[in-house]
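Each chain, written out:
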Amino acid sequence: MRRCVLALGLAASAMSVTVAWAADIPTVRIGYLVSLTGNVAEYGRASQQGADIAVAHLNASGKVKVEVLVQDDQSTAAGGLAGLNYLVSQGVKVVMGPAASVVGVPIAPVANRDKVVLISPYVSAPQFTSKGGYTFRHHMTAAQTEYAFGTYLAKKHGSGATAAILGSETPNSRSGSKAFQEGFEKAGGKVVAFEVAAAQATDYRTPLAKIKSSNPDILYMFPDGVALNALAVKQARSLGIKAKIAATSIITDASFIRDAGPDSEGVMYSTEYFDPKSSKPVIAEFVKEYEKRYNTAPVVWAGNAYDVVLMAVQAVLAVGNDGTKVREWLYQMRGWSGVGGGDLSFDEYGDPKGRSQAVGVIKDGKYVVDDTFSQVAMPRP
Amino acid sequence: MNLFAQLVVHGIYAASIYVLLGVGWTLIFSVGRVFHISYGVSFAAGAYVSAYVSNAFGLPLAACAVLGLCAATAIGVALELSLYRPLRRRNADRMVMLIASLGMMAFFTALISIAFGVKAVSFVGVRDEAITLGSGVIVTKYEMLSVAISLVSMLVFFTYWRRTWGGRMLRAVAASPERALMSGMNVDSVRLVAMAIGSAMAGLAGILLALTEAATLTMILTGLLMATAAAIVGGLGSAAGAMIGAIVIALSMNIGVWHLPSSWQQAVAFVILLAFILLRPQGLMGSKVASARV
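These protein sequence lines are chains A and B, in that order.
When the letters of the first sequence are read in order and numbered with this note's numbering, they come out as residues 56 to 436.
When the letters of the second sequence are read in order and numbered with this note's numbering, they come out as residues 411 to 704.
A few of these clues could be false.
[As the list claims (entries may be wrong)] So, partial list: chain B residues that the calculated Cβ filter (under 8 Å) puts toward chain A:
1) Thr519
2) Leu521
3) Arg537
4) Leu661
5) Ser662
[To be verified] Beyond 12 Å from chain A on every Cβ pair, some chain B residues (computed):
6) Ile427
7) Arg495
8) Leu497
9) Leu508
10) Val531
11) Val549
12) Val566
13) Ser593
14) Ala620
15) Leu684
It is worth saying that the hints were derived from the structure and are not from the lab.
We put the CB at the ideal spot given by N, CA and C, even for glycine.
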């Protein structure tokens with residue numbers, strides 16, 4: 056009995072220490088709403104991995120205690136809505152996510168209605184954000200990056216450059232491919248073929264045969280998925296297409312090089328600028344930790360998610376757990392420095408300003424950045 | 411490059427896959443008297459299992475193919491024994507069997523996504539080689555292999571179907587299960603054999619497809635659609651008809667987009683299917699029912 060009383064006494068004193076320690080540092084509760092299952096789970100998983108590192112860094116700093124509620128949107132609008140409703144019911148006011156446009160676009164009006172701030176690391180559909188809304192993205196739209204990529208390639212190749220486009224039946228691919236065409240043609244190039252395959256097609260040989268007969272200098276491809284890009288590249292090369300191949304940031308997932316094998320050599324890509332080899336401390340530290348934890352190099356949206364968590368926690372610490380005040384804080388934010396860039400802010404729609412874009416090429420089985428340039432301003436559609 | 415010739419070459423390759431799908435499904439439909447909705451699961455299982463064991467264990471292609479075939483056949487046999495046979499014994503309506511099969515398709519789709527993930531799985535490190543046929547028309551090593559294997563499979567199957575005692579039993583049950591039963595045949599066993607052969611054909615099609623493309627969850631549905639489309643165009647219940655139907659669909663899907671955008675490929679297939687349903691519902695090889703009385 057005496058032992059029992061002693062144990063209870065010790066437990067009580069330990070609890071009082073914990074409470075006292077916890078009372079000294081503020082607790083911030085945020086949500087993750089990302090695709091962990093379903094057909095775009097690759098976007099959600101990497102986002103969560105990047106965000107988890109930010110949470111670990113913040114908690115290790117001893118200045119704040121970050122609590123996270125994770126919801127899987129299952130890559131569907133219905134899953135996203137259920138996840139958002141749950142987070143709202145738990146009093147969460149700032150959410151990292153969603154990672155996919157197919158989820159982000161339908162739930163954006165709900166976030167605006169419930170005054171919950173969503174900051175996405177990878178949604179690229181323009182409709183996700185609205186003027187003065189509660190939805191933000193730390194990611195350039197596909198239209199922005201692909202327009203600039205088209206312009207870059209046409210200028211680099213010189214006058215009379217020709218390109219053929221292989222897209223797929225998804226909103227992301229449609230808007231990105233169209234923007235590439237506009238950028239390429241505006242800079243003096245000519246698109247000689249524009250073929251579109253079914254959304255989840257694995258056989259691209261018929262559209263590729265048509266593209267081959269148009270004999271382009273550049274083959275630009277935008278199937279919506281890492282593995283699908285690898286298939287398209289393999290099939291293009293097996294059909295004897297010799298044109299330079301250019302693809303989107305989707306192929307910066309390392310499984311592309313594994314799946315496409317030697318055919319991935321020389322494939323060009325464009326992405327938001329994020330150089331894992333950068334000596335900038337914030338990037339170097341993030342990359343080192345990411346590689347240590349997950350044994351692979353981080354993709355751009357993992358870095359974006361890392362930034363989003365830091366931003367969200369900083370906002371809540373500054374103005375409290377209030378969706379409207381956090382929204383105002385984000386609109387006012389200037390010169391924010393993170394993995395995704397050194398001078399970031401949001402425009403009146405909640406879209407990023409001040410990001411950089413990189414053009415790279417796969418050399419010896421590695422992603423090598425060739426050139427970088429500042430974010431190109433594009434009129435909103 | 412001669413674009414038309416290239417599209418024909420690719421159409422022939424696509425036909426080699428669809429023929430296996432169409433004939434296998436028709437065999438199950440005619441002998442088993444079941445609209446086998448879960449058929450695409452065997453197609454996907456062949457593709458996933460063969461690609462997975464190749465990537466994970468580095469086994470030779472032939473061994474991967476054997477394992478893929480075993481998985482596809484096992485799924486078909488398991489469905490026959492655990493679902494279709496008990497339902498037939500209870501005199502279940504065809505609609506009940508169809509809905510039960512639909513449920514199993516949903517179950518296996520979830521199971522495959524848990525086992526292999528949602529991303530496309532291809533044979534990593536297996537490299538195809540291009541062969542130029544002349545005037546720039548290209549065919550790859552595995553496309554030629556696919557056509558050759560499909561041709562040999564059809565020869566073996568139709569020889570078995572037409573010339574052997576086992577084939578005669580299959581045809582007898584397809585023509586009239588009641589008369590086959592009265593003549594002393596073990597109809598259940600014959601149906602099991604039909605299911606095994608049909609599922610193996612779907613698995614083989616899946617393996618050949620994964621060699622040049624990849625295993626994906628969507629192939630569960632597209633496999634079923636292509637198989638049923640081939641069977642309907644060829645004439646429901648006719649194995650030879652399904653083979654011809656598959657060739658017609660594959661060639662039209664490829665040649666049909668010669669002057670059309672490639673996104674119309676599937677639309678071309680369904681226009682042909684619709685035309686047959688409206689204008690020639692008995693298909694290419696089926697016989698017309700002159701009149702029917704209820």
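Against the structure, the hints:
no.: 1; hint: Thr519; result: violated (12 Å)
no.: 2; hint: Leu521; result: violated (14 Å)
no.: 3; hint: Arg537; result: holds (7 Å)
no.: 4; hint: Leu661; result: violated (12 Å)
no.: 5; hint: Ser662; result: violated (12 Å)
no.: 6; hint: Ile427; result: violated (9 Å)
no.: 7; hint: Arg495; result: holds (34 Å)
no.: 8; hint: Leu497; result: holds (32 Å)
no.: 9; hint: Leu508; result: holds (25 Å)
no.: 10; hint: Val531; result: violated (8 Å)
no.: 11; hint: Val549; result: violated (10 Å)
no.: 12; hint: Val566; result: holds (26 Å)
no.: 13; hint: Ser593; result: holds (46 Å)
no.: 14; hint: Ala620; result: violated (9 Å)
no.: 15; hint: Leu684; result: holds (18 Å)
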